[in-house]
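**Q** Taken in order, these protein sequences are the chains called B and S.
For the first sequence, numbering that gives the first Met the number 0 assigns the number 0 to the initial residue and increments by one for each residue that follows.
For the second sequence, numbering that gives the first Met the number 0 assigns the number 0 to the initial residue and increments by one for each residue that follows.
Hints may contain errors.
Unchecked claim - Derived lysine-lysine pairs resembling DSBU-like cross-links, with alpha carbons at most 35 Å apart:
#1 K203/B - K36/S
#2 K18/B - K86/B
#3 K37/B - K36/S
#4 K86/B - K8/B
#5 K37/B - K18/B
Claimed, not checked - Chain S regions said to be covered by chain B (calculated; three or more residues, Cβ under 8 Å):
#6 28 to 37
#7 129 to 138
Derived from the structure by calculation, the hints contain no laboratory data.
These numbers were taken from a predicted model, which means no experiment stands behind them.
Virtual Cβ for every residue (Gly too), placed ideally from N, Cα, C.
Chain by chain, the residues:
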Amino acid sequence: MFTGSGEVKLASVASIELKADGRIQILTGSTEMGQGTKTIFPQLVAEALAVPVEAVELAPQDTAFVPDSGPTVASRTAMVVGGLLIKAARRLRAGVEMTTGGTFAGSYREFARQYGGLRIDQRFEPYPGAGFDDETFRGDAYPAFGWAACVVSVDVDLDTGEVHVRDVVAADDVGRVIHPVLAEGQVEGGTLQAVGYATIEEIKLRDGRYLNDRLATYIIPTALDAPRITTILVEAPFSAAPHGAKGVGELPMDVGAPAVIAAIADATGAWIRELPASPERILAAVTGVDEAAPLPPGASEPTAVA
Amino acid sequence: MTTYRFTVNTEPVELDVPGMRRLLDVLREDLALTGTKEGCGEGECGACTVLLDGAPVDSCLVPVCQVDGATVATVEGLAPDETRLDRLQAAFLEAGGAQCGICTPGMLMAARAYLDGRGGPDEDAIRDAIAGNLCRCTGYTKIVDAIALVASGGSFAGEHGAGG
């Protein structure tokens with residue numbers, strides 16, 4: 000979620016509409032980009048309404064139709080927008096049940112026919128007990144924290160300085176797991192990006208221009224470079240969110256690189272202080288000899304500096 | 000312009016196009032088979048992988064003149080019909096082998112070639128077979144698991160299910 004009073008300022012809205020034809024539609028601006036929003040939002044709403052997940056659909060994320068749910072960033076979609084949807088679903092359920100006197104699942108179609116549907120817009124409200132003062136920069140930067148640990152085993156070739164990450168175990172506390180396969184996918188993907196960031200990925204600039212602006216030169220891990228990643232999902236729920244979820248997107252990215260560097264130190268005794276831990280940096284750290292500067296294009300030996 | 004004749008997913012195709020036109024563009028723009036994705040367009044990422052006479056190739060690097068008389072298999076040809084998925088596609092769904100989906104069509108075709116070549120469930124061999132296909136989302140673990148699921152011949156939920 001956003002830091003400090005960010006979420007209060009965003010004042011995001013998520014909506015659920017019971018349409019006149021009996022369809023239940025989720026309306027949010029949160030974009031599906033592979034992380035599983037399209038799966039978990041209907042899950043959360045169906046559970047809150049006590050209807051089958053197939054009965055809930057997601058409106059296309061077109062701003063002509065959906066409210067402003069804030070940006071799809073900051074590991075906030077499941078936690079913040081998901082929480083708004085559960086609150087909206089509870090209000091929808093209460094509204095229908097109060098009118099019909101029956102269960103929501105058993106009476107919403109008849110309710111929709113009779114009253115032409117019902118739409119609930121749920122706006123973000125500060126989490127109880129958490130506040131941040133923008134004048135003094137004091138208070139709770141976040142109402143809850145995710146915790147993560149990562150254990151890495153590496154091989155380091157002392158002749159070439161190459162490091163091979165063999166295995167990674169990542170344990171991430173995401174508050175509450177909504178969909179285990181998708182949550183593991185988030186942890187594994189983030190962990191591999193962290194391993195890449197620790198070992199091979201480096202944006203190189205000269206005179207403000209990218210030297211490696213394509214996949215031929217900006218190297219990311221292939222399936223052969225990637226370690227097997229074992230994920231442990233930990234659940235320490237966030238009590239102020241109706242579903243207990245905390246963020247998952249960025250969390251695994253934070254711990255992988257320090258674990259790789261610590262494993263290299265365990266193997267070689269040398270601490271690498273600049274990422275990535277390239278062969279040049281590892282050899283320089285292990286031998287105590289400064290990293291050789293690359294030769295200018297076309298040069299066969301270092302030019303003497305006057 | 001020359002006339003090129005080849006087969007795409009069992010359908011015979013006849014096209015008048017410049018010989019150096021990329022197979023990727025022929026598939027996506029001339030034949031409207033947009034399942035094949037363009038990632039980098041320079042043969043690094045494997046997103047545009049299709050099978051050319053059974054062998055995985057980057058369709059961004061193949062000029063259509065080299066396809067004359069050949070058989071091209073794309074992701075559209077994997078599923079047996081509109082309501083069912085290929086076992087490999089079902090395994091990707093089951094294991095969580097797809098996230099953003101850009102690498103998925105190419106990943107599926109590389110895996111299909113591996114399985115058609117009697118590839119087994121050995122993890123290192125699977126990783127070798129998909130080493131030319133980059134994925135930025137999954138960490139590869141679940142993709143490897145999905146391919147191993149099919150290679151081991153075991154049964155899993157959704158393998159006979161309707162396509163979604």
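**Q** Take the hints in turn and mark each one as holding or not.
**A** Quick rundown of the hints versus the structure:
Pair hint K203/B plus K36/S holds up; C-alpha atoms about 28 Å apart against a cutoff of 35 Å. For the hint pairing K18/B with K86/B, the CA-to-CA distance comes to about 18 Å; that is within 35 Å, so the pair holds. For a cut-off of 35 Å, the pair hint linking K37/B to K36/S stands: about 22 Å separates their Cα positions. Only pairs whose Cα atoms come within 35 Å are accepted, and K86/B paired with K8/B is accepted, the gap being roughly 19 Å.
Straight-line distance between C-alpha atoms of K37/B and K18/B comes to about 19 Å, which keeps the hinted pair within the 35 Å bound. A count of 0 residues in the stretch 28 to 37 of chain S with a Cβ less than 8 Å from any Cβ of chain B is obtained; the coverage claim is therefore unmet, three being the minimum. Taking a C-beta to C-beta cut-off of 8 Å, the stretch 129 to 138 of chain S contributes 10 residues in contact with chain B, enough for the three needed, and the coverage statement holds.
Hint compliance for this structure: hint 6 is the single one not met.
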